[in-house]
Each structure stands twice: as C-alpha cells, then as structure tokens.
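Each protein sequence line maps, in turn, to chains P and X. Using the working numbering, read the first sequence as starting at 1 and increasing by one per residue. Using the working numbering, read the second sequence as starting at 1001 and increasing by one per residue.
There's no promise every hint is true.
[Unchecked claim] Within a straight-line C-alpha distance of at most 30 Å, the following computed DSSO-like cross-link-like pairs (lysine-lysine) qualify:
1. P:179 / P:210
2. P:241 / P:296
3. P:353 / P:42
4. P:180 / P:191
5. P:302 / X:1190
6. P:59 / P:42
7. P:94 / X:1170
8. P:191 / P:241
9. P:59 / P:302
10. X:1170 / X:1190
11. P:275 / P:296
12. P:353 / P:328
13. P:179 / P:328
14. P:296 / X:1045
15. P:328 / X:1045
16. P:94 / P:328
17. P:180 / P:210
18. X:1045 / P:59
19. P:353 / P:94
20. P:59 / P:353
21. P:94 / X:1190
22. P:210 / P:353
23. P:180 / X:1190
24. X:1190 / P:275
25. P:302 / P:275
26. X:1045 / X:1170
27. X:1170 / P:328
Hint data in this document are derived by calculation from the structure and do not stem from the laboratory.
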Amino acid sequence: MEAPVIHHGAMFDTNELVLNMGPQHPSTHGVLRVVLRLDGEKVVDADVVIGYLHRGIEKLSENRNWTQIILLTDRMDYVAAATNNVGYCETVEKLLSLEVPRRARYIRTILCELQRIASHCLWVGTHAMDIGAMTVFLYAFRERELILDLFEEMCGARLTYNSMRVGGLPQDIPPGWDKKVLEFCTIMAAKIDEYEELLTHNRIWLERTKGIGVISGQTATALGLSGPPLRGSGVAKDVRKDEPYAAYDEMQFDVPVGTAGDTYDRYLVRMEEFKQSLRIIRQATEGLPEGPIVGKVPRLIKPPAGETYHAIESPKGELGYFIVSDGKSTNPYRFRVRPPSFCNLQGLRTLIKGHLVADVVALIGSLDVVLGEVDR
Amino acid sequence: MAEAPAHAPKAAAPTGPPDPPPPAGVTAPAYIASLQAAVPGSVTKVSYWLGDWTLVVPAALILQAAQHLRDAADAAFDFCSDVTATDWPPRAEGRFDVIYCLYSTRHRHRVRLKVILGEQQPLASVTGVWPAANWLEREVYDMFGVGFTGHPDRRRILMPEDWQGFPQRKDYPLEGPGELLLENPLEWLKLRQSREQADIE
C-alpha cells in the first residue's frame, strides 16, 4: 500500500484567495457583487461589480414627456422617493424659470426631511443588523412605519409616491396632517435616544466601527463621496446650506461633521442628522404659510432649448440632475442623474483595502447605498 | 410629387444646445481669465445660462485645464460631481458633448466643462486629477462609446461585458436591439437600414 502524500506547507499557503460576495447576499442591500481578493482573512483588493438592476431609466426618460418622468424617478432611490421627485421637479422648474409658491416649497421641505428620517431609519436598522444588533432593526422599522403612514395619508402610496409636480404639488396636505407630523416629531425625538442607548456606547458596536474604513477629508472629496460619508470625514459640504433649494434658506439647522472619518463617525453624523431633520420639520410645519400650492405652470411643459445641472441633498448625498432640452419636443433630449449612491460606492474599494472580510459588510452598510439608484 | 432625398432625416434633428454667451450685466468669475492665462487656448467659448457657467474646452487641452482648475487657488475645483455626455448625431464639429460638472468645497461654486468630440476621437481621462471620474468615465464609455485614453480600468460598468452597441446613443433603439444584434451585428445593421429606408419612402 502506498504511503499518503503529505504536502508540507499546504497549511501555510500564501496564495491569494478570490472570494465572490453577492449579488445575492443579504448584507449587500440589493444586488451588489464584490469580488474580494483575500490574504487569509484580510482584503488585499476588491472589484465592485454593479449593473444587475440596470433598467435604463435615463434612456426611458428621454422618450417620456416631462410629467411622466416623475414616477420614473421614484424607482431610483426607492427608500427616499419624494427626494428624487423634488430634485427632478426643481430642475425642470429651473429650466422653465418657474416660481414655486412658498407653501409648496415648505411642504416639499417637510416631505424631504421626513424621507431623510425614513431613509436613515432603514439605514440604522440594516447597518446594525449587518453587524449583529437585531433589536435596532425592529425599533427603526417601527418608526419608519409611522412615516410611511404619514406619506400614505398625504399621497396614497407607501413606497413610490409620485408626490411632486412641476411647479408645485399635486394636492394640498390633508386636514390635520400637520398636527400628526408634529406628533410624530415628539415620538421620534424620544426614539432616537433609544437607538443611541443601544449603540452609541455599546462596546461591541465601538469595536466593530471605530477605526474601520478611515478616510481623510481630502481623499473623500477627490473620490467624489458626498453626504454623510463625506461629512463624517470633516468636510461640511451640504447642498441644503451651500445652495439652498425648497425652503431651506428660511430654516435654522446645523450641518454635523465628524472628525475621524471612520464608520463610527459616519454613524454619529447620521444620528445627529435625525435630530436636525426633526428640527427642520418642526420649523416648517409650525411656520407653514397659507397660499396656493402650484405656480403658473404652462399647460404644455416645453422648456426652452438649453441644458442645466441642479443638485439637491438627498439622504445619501448630492443628487444631481443634468437635463438638456431641445426646445422643440415634449420630452427631454438628455436626462442624466448623478446618483449619490453610485459615487459613494466607488469609494468602497479604497475603504475596504486592508480590512477583514467581516468589516466589508460594515463598510457597505456605512456607505448606505441603494442599488436601485446605483444602477438606475 | 417631389422625391425626398434618400438620406434626409424624418424631422430636423437638433444640432446642439444654444449655449448663450453671458449677458451684459453678468461678470465672469476670475478663474476663467486665470485659466485662459495659464493654459492658452483652453477656453474656446464661455456660456452662461440660468446661473450656470459652461466653458468649452478643446479635447487636446482637457487634462491641463482640469489640472489647473483643481490646483489654482481662485478655482479650487476639488470635487468632480459628474462626468456625462450628450449625443448630437448630425452635428458637424463632432457628435458628442462630454460634460464635466465641477464643484469647489472651498469656494462653494460650480462650473461645467464641455468637450466637443468626434465619434472615433479619443479623450484623455481625468481620473488622475479627480479619482471620482473613474466610474463616471466608465459609464460614459459604456453608454456612449467614448474612448478614454489613460483610464486605469476601461470596462463596461452597467451593461454586460459582451454587450454590442452603446445604449445612450440617439440611434440606439429604445426597445433594445433584440437577439439579432447580439448574435449577428451585421445582419442587424442591414435590417435597420432597410427599415429606415422604408420609413423615408
């Protein structure tokens, strides 16, 4: 009988291992595929593969009229659909040089901030669950439900709202809705403390997030990160402050920034944004002016020939629309979205180099990407 | 009945945005003059519409212009928010507009650079200046077929690797190419040409 061959050194094999993560992986929040090259448990390099949810919204929009596009924008960042609507409608209003009534701008601000809270609720729940804290998920989804109820009352839908029109809003707020919003603010303010109690000083949470995925402000800017991932690195870039849209120029709020630029600071920035959003909602609801909700919109929307870029601050970062009108047809000649998730996801490769496989899920969560928006 | 010319388009296709020059009362920001001084010939046209400044830059000078706009103290465009393109097939100067939307986190101002590019003409990648342009240029290549030179990772990004054609081009059908294009691109081209011919007749 032959003696078994023993490969000496097989235990200490230094070859790199290629590990395919996704596209069907629960912690990738959709259909993201990451091909990791590993040395032991350490990530040497990563290739981020996207495109699994590409529906050609840009091409489709170039063949729809200006009003029909609003509901397509819902399908991009589907956890903050109203924000997408606002961004698109404001870009078309800019093309048309259209004045939007003050009441409509206030309601837009309220809806945008409610969406920010809903989006951050989803983020804090799933991010914590990725890292292993199940309770936060249940808590955060309980509050997100309240926002969805408010939206359901406002525009009849719970996910894809189609809640804006060029020049204003499709309908005014239902009677008593503003009181419910203020009630929600009181409930939510207490619940944020609950999340913080569970996470902010939790030893496991600190170990898993502190010093993970550190990125300097300069690198983050060069990589095109925006929103909380950029502000977590200490760059106070917020479109709401820098180029105010809707009614943000009349609101008092602070832009929280981090210092270390790690996953924990990005977490702290978003937790502070919860509170700032509540502050804005309270101001806008209490100071809601009377008046019309739609401006002087032409019957046939046909902007003059030209091109423009308009950006707003979505919960994920800078959401920009670049729209070209040829002045002749009733559909845009070119419709381009600058999706914040796409540009933030680009930074993933830089962030995860040198970290452990387990940190990859923490970092994907920390960037807060929505694949519907990445692939469009 | 007069016969239409064989290749006349159905309706006159637009040949580019108007890009109006700044009106009399608007003064151009200082970085435009300093860019023109630092890189001679880098700005062939300055346009202002709805509060946005657009600079048309020749394709050969895009890297130098980008470098200057990032590093000069009065410009400091350190954030490349978007790179995209527009397709104007009948235009004589070149088919594509490649557009760079820039932002400065220090001065909080924006500018758009525009490069007019022919179909086969290569364009230097600005990934070395703004790493953010990496995926954005990949998307422009994927959707329009603009060939970037010096790009570290020139692959398709949203469409499958083996996809034929460039979906965002104006002559690409909305309903997609169907199976024929994927299997036999030459046959597909013949079929499309015969259909266009039928439309004209």
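Please verify whether residue 241 of chain P and residue 296 of chain P have alpha carbons no more than 30 Å apart. It holds: about 27 Å lies between the C-alpha atoms, which stays within 30 Å.
Between the alpha carbons of residue 1170 of chain X and residue 1190 of chain X, is the straight-line distance 30 Å or under? Holds, at about 18 Å.
Straight-line Cα separation of residue 1170 of chain X and residue 328 of chain P no greater than 30 Å? Satisfied, since the Cα-Cα distance of roughly 16 Å is no more than 30 Å.
Is it true that the CA of residue 180 of chain P sits at most 30 Å from the CA of residue 1190 of chain X? Violated: residue 180 of chain P and residue 1190 of chain X sit about 62 Å apart, past 30 Å.
For the pair supplied as a hint, residue 179 of chain P and residue 328 of chain P, confirm whether the alpha-carbon distance does not exceed 30 Å. Answer violated: residue 179 of chain P to residue 328 of chain P is near 45 Å, above 30 Å.
Taken at face value, is the distance from the CA of residue 241 of chain P to the CA of residue 191 of chain P at most 30 Å? Holds: residue 191 of chain P and residue 241 of chain P sit about 27 Å apart, inside 30 Å.
Straight-line alpha-carbon gap residue 180 of chain P to residue 210 of chain P, limit 30 Å: 38 Å, violated
Does residue 328 of chain P pair with residue 1045 of chain X here, judged by a C-alpha cut-off of 30 Å? Roughly 24 Å separates the two Cα atoms, so the pair holds.
Pair hint outcome, residue 353 of chain P versus residue 328 of chain P [Cα-Cα no greater than 30 Å]: Given pair residue 353 of chain P, residue 328 of chain P is violated - Cα atoms ~50 Å apart, limit 30 Å.
Given the hint that residue 94 of chain P pairs with residue 1190 of chain X, does the C-alpha gap stay at or below 30 Å? 43 Å, violated
Hint check: residue 94 of chain P vs residue 328 of chain P, CA-CA at most 30 Å. Holds or violated? 17 Å, holds
Within a Cα-Cα threshold of 30 Å, do residue 1045 of chain X and residue 59 of chain P meet the stated pairing? Holds, because 29 Å separates the two Cα atoms, which is no more than 30 Å.
Of the numbered hints stated above, those contradicted by the structure are hints 1, 5, 6, 11, 12, 13, 14, 17, 19, 20, 21, 23, 24 and 25, listed in ascending order.
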